[in-house]
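Can you join these two chains into the complex? Each is in its own frame, and there are hints to help.
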Amino acid sequence: MTVSTQARAGSTQAPAGNMKEGRTKRGSGARHQARTGWMFMAPFSLLFIVVFLVPILVSIRSSMFAQVPSGDGLYGGGELVDTFVGFDNFALAIGSATFWEGMGRVMVYALFQIPVMIIAALGLALLLDTLIVRRPGFFRLAFFLPFAIPGVIAAMIWLYLYTPEVSPFMQYLPEGTDFMAPGTILASMANMTTWTYTGYNMLIFLAALQTIPRDLYEAARLDGATGWQIATRIKVPLLRGAALLAVLLSIIGTIQLFNEPVIMESANPWMGKAYTPMMLTYNSMMGAVSPSGTGIASAYSLLMAVVAGVLAIVYTLLQRRKGASA
Amino acid sequence: MTTEAIIESAKPRVRKAAADRPPKSELPSPLARVLGIAVLAVATIYFVAPVLWVMIASTKSNSDLTSTFGFWFAEWNLQANYESLMVWTQGLFWQWVGNSIFYSVTAGVIGTLFAVMAGYAIAKFVFPGKKIAVGVIMGGLLLPVALLTVPLYLEFHALGLVDTPWAIIIPSAVSPFGVFLGIVYAQDAVPTELLEAARIDGAGEIRIFFTIVLRLLAPAMVTIFLFIFVATWNNFLLPLLMVSSPELKPVTLGLFGMMSYFAPAKGAVMLGALLGVIPLIILFFSLQRFWRSGLASGAVKG
Numbered sequence: 585m586t587v588s589t590q591a592r593a594g595s596t597q598a599p600a601g602n603m604k605e606g607r608t609k610r611g612s613g614a615r616h617q618a619r620t621g622w623m624f625m626a627p628f629s630l631l632f633i634v635v636f637l638v639p640i641l642v643s644i645r646s647s648m649f650a651q652v653p654s655g656d657g658l659y660g661g662g663e664l665v666d667t668f669v670g671f672d673n674f675a676l677a678i679g680s681a682t683f684w685e686g687m688g689r690v691m692v693y694a695l696f697q698i699p700v701m702i703i704a705a706l707g708l709a710l711l712l713d714t715l716i717v718r719r720p721g722f723f724r725l726a727f728f729l730p731f732a733i734p735g736v737i738a739a740m741i742w743l744y745l746y747t748p749e750v751s752p753f754m755q756y757l758p759e760g761t762d763f764m765a766p767g768t769i770l771a772s773m774a775n776m777t778t779w780t781y782t783g784y785n786m787l788i789f790l791a792a793l794q795t796i797p798r799d800l801y802e803a804a805r806l807d808g809a810t811g812w813q814i815a816t817r818i819k820v821p822l823l824r825g826a827a828l829l830a831v832l833l834s835i836i837g838t839i840q841l842f843n844e845p846v847i848m849e850s851a852n853p854w855m856g857k858a859y860t861p862m863m864l865t866y867n868s869m870m871g872a873v874s875p876s877g878t879g880i881a882s883a884y885s886l887l888m889a890v891v892a893g894v895l896a897i898v899y900t901l902l903q904r905r906k907g908a909s910a
Numbered sequence: 158m159t160t161e162a163i164i165e166s167a168k169p170r171v172r173k174a175a176a177d178r179p180p181k182s183e184l185p186s187p188l189a190r191v192l193g194i195a196v197l198a199v200a201t202i203y204f205v206a207p208v209l210w211v212m213i214a215s216t217k218s219n220s221d222l223t224s225t226f227g228f229w230f231a232e233w234n235l236q237a238n239y240e241s242l243m244v245w246t247q248g249l250f251w252q253w254v255g256n257s258i259f260y261s262v263t264a265g266v267i268g269t270l271f272a273v274m275a276g277y278a279i280a281k282f283v284f285p286g287k288k289i290a291v292g293v294i295m296g297g298l299l300l301p302v303a304l305l306t307v308p309l310y311l312e313f314h315a316l317g318l319v320d321t322p323w324a325i326i327i328p329s330a331v332s333p334f335g336v337f338l339g340i341v342y343a344q345d346a347v348p349t350e351l352l353e354a355a356r357i358d359g360a361g362e363i364r365i366f367f368t369i370v371l372r373l374l375a376p377a378m379v380t381i382f383l384f385i386f387v388a389t390w391n392n393f394l395l396p397l398l399m400v401s402s403p404e405l406k407p408v409t410l411g412l413f414g415m416m417s418y419f420a421p422a423k424g425a426v427m428l429g430a431l432l433g434v435i436p437l438i439i440l441f442f443s444l445q446r447f448w449r450s451g452l453a454s455g456a457v458k459g
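Those protein sequences? They're chains A and B, same order as listed.
Counting along the first sequence from 1, when you hit position 273 you're at 857 in our numbering, and nothing is skipped either side.
Counting along the second sequence from 1, when you hit position 148 you're at 305 in our numbering, and nothing is skipped either side.
Same shape as in the complex, but just chain B (with noise of 0.2 Å):
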């Protein structure tokens, strides 16, 4: 996306305004264009302001923060913010965010690699219960995952799970959604002729899939890679149920627990809200045009 809007904007103005843009006749008129851009304005303040916020208040002191311009920045205490932080993590904060990232990529793998050949399979082969199987996956796209978390920690003490890496990456890695995905990309991107070509050359199924359909599939893969891994890192219940060792929890928890058990220097909570973040943004918006193919499948199918 960002790449389209720097070739976009790269392009010369003439040649644009001649070729690509819609003959004069489709654009608004000049008051719904100034309204227009009005809203969406307002909207970008909105959405954008609480995060420039964050940034600059993650660099004052307490006694900042409450006496000078929110929206600007005060005497530099990021150094001291960031001293605090650690103290009142005990030195845990960059733990936290590596068993984020840990958590966030082994689920986001092993999610992935196994929502695919599901989705490949249902969407090329026929096989006994495969309307079954597909009806009970749906149903877990609808149901409340939030409603299963609880009984789903009193299986993974039975198994002996519970404060684990296991009890947040195993529930994690399961996404009907990747599935849902998987199946309409394999649809139309994996032609059966290809796949009988590779059968007649006496391939087998397993080195088919690995060699050929793998490949075909990495755009979806991307996509629900990237599904499962924010859904990971953004997940609360679950590791505030699941882990209760201080060294396994991810940082989202990390940082609840030191916001809510004890009254840290806002600045320092408001730095570790930032950095705990920064990692997701990052791989966020580096590649935010599979987000926006996966939820144009989602949108079409649905």
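Extracted from the complex, chain A is given alone in its bound form (with noise of 0.2 Å):
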């Protein structure tokens, strides 16, 4: 009801000649706005506070506490009393190699893992633009089909790639080749991400591409630049704004790396529980690694939050002063 008389007092706001009488009309629209904007925006802000907000509020509380059994001592002997420690759980979680270690890895990972996806989607971008192929849509469904796997499934399947006894090529490969050695497995699991979501990649390229008017080619071929020069001084520098997306996309996802070590993990157990930040925030949370416990894990969180952050931070600022410069 509310609404509707809302409605009408709104209508009245349209084209008012006369000033004096416009301006107390756009009060009433202004307030009309307010509310109607609000009803709008309501549902999705609930649940944007119960599932954003308040499990920010949650770890940072919990990154205050240990869990500490009150029965016989041991873990979930008792009941668990919350105890406040302050922020022994953040020292304990800076100070822990077992983090760092991982951190590291999962750095490692992103070195190379990240610019080989992205210059690899922006090279078949690129071809797709061209007019190579007539029919780009079959390889545009082509490359997009691993991205409908879903990440663990597609662990699953590698992993099953990788074992010599089932893999269908390893027995066409030099002899001792092992994608699963320590050495080597951290590029085995950046196959598997570059595998899936390669194809996701260039389609947002190729999105973007289609967005460059035409003309802009028309302009430089009759300036007398060749096919590689449109590609690299119009095509690329124009991209800059979706390569800046894709990359910091892929950060913040290899930050997370975890379905793809869990796979690997179940069946080589030499990697560990914490193998990547998040499987050690995982299973701290769940008790298979020292220390345990939802305050360490919150803090780990917390901790890998910071750090996608400020990396996120650091390579928009370096993109920008790149793109300023050029």
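Just so you know, the hints here were simulated from the structure itself, not pulled from any lab data.
Mixed in with the good hints, there may be bad ones.
[Unchecked claim] Just a few of them, taken from the derived set where beta-carbon distance is under 7 Å, the chain A residues facing chain B: (1) 737; (2) 752; (3) 761; (4) 763; (5) 888.
[Stated by the list, open to error] Straight-line alpha carbon distances no greater than 25 Å define the calculated SDA-like cross-link-like pairs of lysine to any residue that follow: (6) B/281 - A/629; (7) B/288 - A/857; (8) A/819 - B/188; (9) B/287 - A/897; (10) B/281 - A/615; (11) B/288 - A/633; (12) A/906 - A/814; (13) B/288 - A/897; (14) B/287 - A/641; (15) A/857 - B/188; (16) B/288 - A/904; (17) A/857 - B/421; (18) B/288 - A/825; (19) A/819 - B/447; (20) B/287 - A/626; (21) A/819 - B/194; (22) B/288 - A/832; (23) B/288 - A/875; (24) B/287 - A/636; (25) A/857 - B/420; (26) B/287 - A/623; (27) A/906 - B/299; (28) B/287 - A/637; (29) A/819 - B/190; (30) B/281 - A/904; (31) A/819 - B/187; (32) B/287 - A/619; (33) A/819 - B/288; (34) B/288 - A/814; (35) B/287 - A/819; (36) B/287 - A/614; (37) A/819 - B/199; (38) A/857 - A/875; (39) B/288 - A/890; (40) A/857 - B/319.
Ideal Cβ placement from N, Cα and C applies to all residues, glycine included.
Take a look at the structure:
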């Protein structure tokens, strides 16, 4: 009921010749706008608070507490009692060699996986955007196909592809090739994510390429530019925004690397329960690594969010500066 | 997209060459063409071969998997693999697939509606706190979501929601990216004059939204629904933490449990993987053009 009366009040907002009258009407229109705006915002905002904001507060609170069993001293043996420990969990997390080792692995992984994937996606998008093939639709579908396969299932598939007895191609590779040795397993996992996400990133680039006006290429042609020059001097620079987005999302995705290492660990127990920071967090929570508990798990979570945020900001600033100087 | 390709291929070649194709000078040189096609062919093999292999492997027995050529069929063992899959999953396999569908559809429908409402509000209304709301939501877009999962578990545990379908549906239904798309679409697709005309006719805001705006935003809604559906189907960490009852597991979690806790026939695992992704692949490819339009608006604005 209130809504319809407000609607009527708002409807009188139509262009008014008289300034004074217009102002008062705009006043009630603003109120109407504010109410209606928030009415439509309310359902999403409510869920957003439940799913994003409360968990952040919960993890900040939880990171200040440690759970001490009151019973016989065994984990889960007695009732767990929250004890305030201040920043102890953070000190523990920041001082944890296991955490930083995991972070180091994820960084090494990101340092080669992200460039390889982005460059491959960019190259394939540019190839499909030139007129080399008549029907790019087929290739778009083929490259995008892996994205339709859930990460866990993709990891299971690749795990079998890496297993010598089952793999359809390992018998053709040189003797002693081992995709799951300590020195190669990171690269093997990088291959899994590259396989899954290259097509997705390629579509981002293709979508951005389609927004570039075609006359730009014609003008370049008239000035005598080759196809290669058009690609490198016109298309690639114009894709900077899309590339920034793709890299940022990849950095954020890599920090949380979980599915692939968990699947790999199920077949290679030597990897341990803390191979990546996200595995460490999950397993701290589950009591599979020491120290365990929700307090330390929350501290790891927050620390990872800080690292991800710092990386995202540093990368954005670097790109901006590059963009400004170019 | 597929229909486009069909229409494209149905056109007479000559006309296409004359009208649709750009002048000869814009075509790549023969060498560039051959190289380009070679690269695309290698990439196609890389992306498609594992999927083909899964299809073939799911028809093989364990011994044939190890002894026969990987990319061709051996003795047909599909039936036995299916039975083995059902035994290993204790008959729960189709329930898991059903759970995945239920979680993804419910989260998709709720999430799409809420995201579009919020996007519409941000695009078309002026209200106090709007800038802050947009900032917070866009911050959520860049927040590593997995990091929220542990505290989310603590919160839902306190609310008594752990090990219920809501523990998966509620977090999956919140999509900052959906709101972002909603804003972009509503700015372009909902003319303010139309809203004003409807108001002059005496329509209430809720009625305007449900009868006019939702229709205008239908393409955006399909895109947002797809994004949420796929993200929910693919999520692993969230159900891993939230759900422990076997009857509540989505198919990804069920298959992981089957593979990691037991050592079932590999052909059966591959069959499960295949059957677990087929609904997703069908949905995906039948609505593919919406993906591209969604990514396009992301790429332009991002």
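Hint by hint, here is what the structure shows:
1. 737: 5 Å, holds
2. 752: Holds, because the Cβ-Cβ distance from residue 752 of chain A to chain B comes to roughly 2 Å (cut-off 7 Å).
3. 761: With Cβ-Cβ at 15 Å, over 7 Å, it is violated.
4. 763: Result: violated, 13 Å to nearest chain B Cβ.
5. 888: 6 Å, holds
6. B/281 - A/629: 17 Å, holds
7. B/288 - A/857: 42 Å, violated
8. A/819 - B/188: 21 Å, holds
9. B/287 - A/897: Given pair residue 287 of chain B, residue 897 of chain A holds - Cα atoms ~24 Å apart, limit 25 Å.
10. B/281 - A/615: 14 Å, holds
11. B/288 - A/633: 16 Å, holds
12. A/906 - A/814: 20 Å, holds
13. B/288 - A/897: Holds, at about 21 Å.
14. B/287 - A/641: Roughly 22 Å between the alpha carbons, so the hint for residue 287 of chain B and residue 641 of chain A holds.
15. A/857 - B/188: 51 Å, violated
16. B/288 - A/904: 23 Å, holds
17. A/857 - B/421: 23 Å, holds
18. B/288 - A/825: Cα-Cα ~23 Å, so holds.
19. A/819 - B/447: Holds: residue 819 of chain A and residue 447 of chain B sit about 24 Å apart, inside 25 Å.
20. B/287 - A/626: Between residue 287 of chain B and residue 626 of chain A the Cα gap is close to 12 Å, so the pair holds against 25 Å.
21. A/819 - B/194: Holds: residue 819 of chain A and residue 194 of chain B sit about 20 Å apart, inside 25 Å.
22. B/288 - A/832: 23 Å, holds
23. B/288 - A/875: 42 Å, violated
24. B/287 - A/636: 18 Å, holds
25. A/857 - B/420: 20 Å, holds
26. B/287 - A/623: Holds, at roughly 12 Å.
27. A/906 - B/299: 22 Å, holds
28. B/287 - A/637: 17 Å, holds
29. A/819 - B/190: With Cα atoms ~19 Å apart, residue 819 of chain A and residue 190 of chain B stay inside 25 Å; holds.
30. B/281 - A/904: 31 Å, violated
31. A/819 - B/187: 22 Å, holds
32. B/287 - A/619: 12 Å, holds
33. A/819 - B/288: Distance ~33 Å between residue 819 of chain A and residue 288 of chain B Cα, so the pair is violated.
34. B/288 - A/814: Given pair residue 288 of chain B, residue 814 of chain A is violated - Cα atoms ~39 Å apart, limit 25 Å.
35. B/287 - A/819: 35 Å, violated
36. B/287 - A/614: Since the Cα atoms of residue 287 of chain B and residue 614 of chain A sit roughly 13 Å apart, the hinted pair holds (cutoff 25 Å).
37. A/819 - B/199: At roughly 24 Å apart (the allowed maximum being 25 Å), residue 199 of chain B and residue 819 of chain A satisfy the hint.
38. A/857 - A/875: 12 Å, holds
39. B/288 - A/890: Holds, at about 24 Å.
40. A/857 - B/319: 24 Å, holds
Hint compliance for this structure: hints 3, 4, 7, 15, 23, 30, 33, 34 and 35 are not met, and every other hint is.
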